[in-house]
Amino acid sequence: MLTTKQLQFSYTRHQVMNFPDFNLQKGEHWLLLGQSGSGKTTLLHLLGGLLSPTSGSIQIGTTELGQLRASALDQFRGKNIGIVFQKSHFVRALNIGENLALAQQLAGLKPNRGRIIELLERLNIGDKLRLKPDRLSIGEQQRAAIARALINQAPIILADEPTSALDDYNATEVINLLEEQAKALGSTLLVVTHDKRLKDRFPNQIAL
Amino acid sequence: MALAVGNTMALALGKHTQMTLLNLSWKNLSNKPLTMLLSLVLFALGVGLISFLLLVNHQINEKFEKNLAGIDLVIGAKGSPLQLILSSMYHIDAPTGNIPIKGVMPYLNPKNPFIKSAIPLSLGDSYRGYRIVGTTANFLELYQAKVRTGRSFKAIMEVLAGATAAQELGLKVGSTFQSSHGLIEDDNLVHEGHAFKVVGIMQPTGASIDQLLLTPAQSIWEVHEHAGMGAAPAVEETEEAEHEHEDEEHAAEDSIAENHAESTEQVNGIALTNQEQDHQNDDEAPHEQDEAHHLKSILEYPDKEITALLLQFNGHNITTLNLQRMINQNTSMQAATPAIEITRLYSLMGVGQDALRWLAFIIMGVSGLSIFISLFSSLRDRRYELALMRTMGASPGKLFAMIIMEGLLLAIFGYIIGLLISHGGMELLAGEMKAAYRYTFTGRTFLVEEGYLLLGALAVGFVAAVIPAIQARNTDISETLAEG
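Quick mapping for you: the protein sequence lines, in order, are chains H and Z.
For the first sequence, the positions run 1 to 208 when this note's numbering is used.
For the second sequence, the positions run 209 to 692 when this note's numbering is used.
Since the hints were derived computationally from the structure, they do not count as laboratory data.
Among these hints, one or two may not hold up.
As the list claims (entries may be wrong) - Derived BS3-like pairs: lysine-lysine, alpha-carbon spacing no greater than 25 angstroms straight-line:
1. H:26 - H:5
2. Z:324 - Z:380
3. H:132 - Z:235
4. Z:324 - Z:310
5. Z:354 - Z:380
6. H:79 - Z:606
7. H:40 - H:199
8. Z:240 - H:87
9. Z:405 - H:110
10. H:87 - H:40
11. Z:606 - Z:274
12. Z:235 - H:110
13. Z:319 - H:132
14. Z:235 - H:87
15. H:196 - H:110
16. Z:642 - Z:354
17. Z:504 - Z:319
18. Z:354 - Z:240
19. H:87 - H:196
20. Z:354 - Z:310
21. H:132 - Z:606
Please work from the sequences and hints to get the whole structure.
Here it is as structure tokens:
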């Protein structure tokens, strides 16, 4: 489902990052562990098509990311890759429901109000539909961000340090939700983190 | 255009979750209401000021052109030529003074081959702020004015009222009123005992004649010479009254009668001599005196005074061209050309208007700058949002369009508010301007220029948004997201 080969990236000429090859199967849940500065976020951005590798290849399903033109890549990403970021950001002018609808629309799908409500209820924030993002607590915001990553039923879910800003209780909640929902959708989940609390949760691990 | 936008906005503001670009732009703007308000107020101010100037300019020009009425030359007392034109043709300034009929006899003579028509005006009195003009029946022909009800004046103290004056004063055929001295309403200056009688009301023409109360020139003399002496007797008395002294307050104080005798002869080739004039008058006189109420020709009163004489020439030639210069140099009267004075007036007003216009453009520029700054600074706050939208599948072009749309939306709303301000303001001011100038203005007309103003407004909105939009388009997703 998600395969990398001889992936290489450099911000400057002197500093070349090499990433290990890996091959994640459909529905598998993986943990990518590494210290800060080890290039975790860079790898996640490469996988999400937000950065282009200096060399090597990334294949998602049957699609070679490097072969997509810019706008096609934007569309592909919107439809096939759900990303949860370390800090949850939203379009501040829109409420939670509208933010999710925007995610559907930008991916080229029709907004589906029923699905938005259902998903928010499943994540226990159904009552936040009409609230602006800044009215939510950090834990609620992270759930809403997960909802946004899941809304298009993307086959790949990438999570960048989803728990590092949260306390133990919320961290457990969030990672439970991610696992549950990825399982329900049959999506491949890759969590990038240096959070040691998560170490024992995932049998499949890649170390940087 | 405004309607279409309004409809789209109404849809966009509904509960519907469909997130159009327009919708998104609007939400982004309305999320920062104060910033939006500042940009809108500035923009509306610029648009409103320009549109107001256009409206005033257009309507004043229209009025002035209508009132030119083909008059080639105006003769009156010495003073400011502009004042002479304004008072005798537009009825918005005080008269310069009076001139003796003796001095203008040659031009009044119907046999003068160079003059198509000569219309005497006696000004200085009013009724509740509306000017009473002593004149002759051919004054109506100047403006192609027609009598709507009743008839034109035929005898002393009869009044033919302009449409607006009649309406505002509540005058009907048969109404009577007493004039007051001077051009503003003043109870202390009422000419008591001389009642004017309305015998007819004119159709509206759109020219200044609508604001006037027309009466034979003799009525004015009558009122002033018999001031305080009871009800006006018949026509004959006016002749005897010639030697009574003038009403002290009257504009006749400025009279320049002294010089009239020699001046006519000096003037030019047009002038018939006074003697010839007198002969003609003698011939006609007995005939006219038969009917008590029939008005005599104004030529019968060489010692009376009028305020101004409006002339239309029979074509232009050397004689008519020289007439103005000769009157100005050789007599104690002055002659002014309406077209020249009005052009001069435009250029005088033009200075103020130019300054206002520049001010309006500067405000437009500043409002454009404020749109630019508010978009630019909002982008700094929204960088992460924009990167996020990219990860959700938005193309760079979409972000570009979204920001441009925000600039255009501000411009359109600013334009609409600006037009509401200028037209509403015009409508509000119309009442006051009418009281001051006796001219009707309206805010209910829209000009072609305002269409161009919309294009200009859109251009300002676009230009202000284009740099922020390019920045949004070039957002580096990975770098922005990594910064968190």
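Taking the hints in turn, this is what the structure says about them:
1. H:26 - H:5: With a Cα-Cα distance of about 18 angstroms, the restraint between residue 26 of chain H and residue 5 of chain H holds, given a limit of 25 angstroms.
2. Z:324 - Z:380: Violated, because 33 angstroms separates the two Cα atoms, which is more than 25 angstroms.
3. H:132 - Z:235: holds (12 angstroms)
4. Z:324 - Z:310: holds (19 angstroms)
5. Z:354 - Z:380: Distance of about 16 angstroms is within 25 angstroms: holds.
6. H:79 - Z:606: Answer holds: residue 79 of chain H to residue 606 of chain Z is near 17 angstroms, not above 25 angstroms.
7. H:40 - H:199: holds (16 angstroms)
8. Z:240 - H:87: holds (23 angstroms)
9. Z:405 - H:110: violated (80 angstroms)
10. H:87 - H:40: Roughly 15 angstroms between the alpha carbons, so the hint for residue 87 of chain H and residue 40 of chain H holds.
11. Z:606 - Z:274: Outside the cut-off at roughly 54 angstroms; violated.
12. Z:235 - H:110: holds (20 angstroms)
13. Z:319 - H:132: violated (89 angstroms)
14. Z:235 - H:87: This hinted pair holds, its Cα atoms lying about 23 angstroms apart.
15. H:196 - H:110: violated (39 angstroms)
16. Z:642 - Z:354: At roughly 23 angstroms apart (the allowed maximum being 25 angstroms), residue 354 of chain Z and residue 642 of chain Z satisfy the hint.
17. Z:504 - Z:319: Holds, at roughly 17 angstroms.
18. Z:354 - Z:240: violated (60 angstroms)
19. H:87 - H:196: holds (18 angstroms)
20. Z:354 - Z:310: violated (31 angstroms)
21. H:132 - Z:606: Given pair residue 132 of chain H, residue 606 of chain Z holds - Cα atoms ~23 angstroms apart, limit 25 angstroms.
The earlier numbered hints that this structure contradicts are 2, 9, 11, 13, 15, 18, 20.
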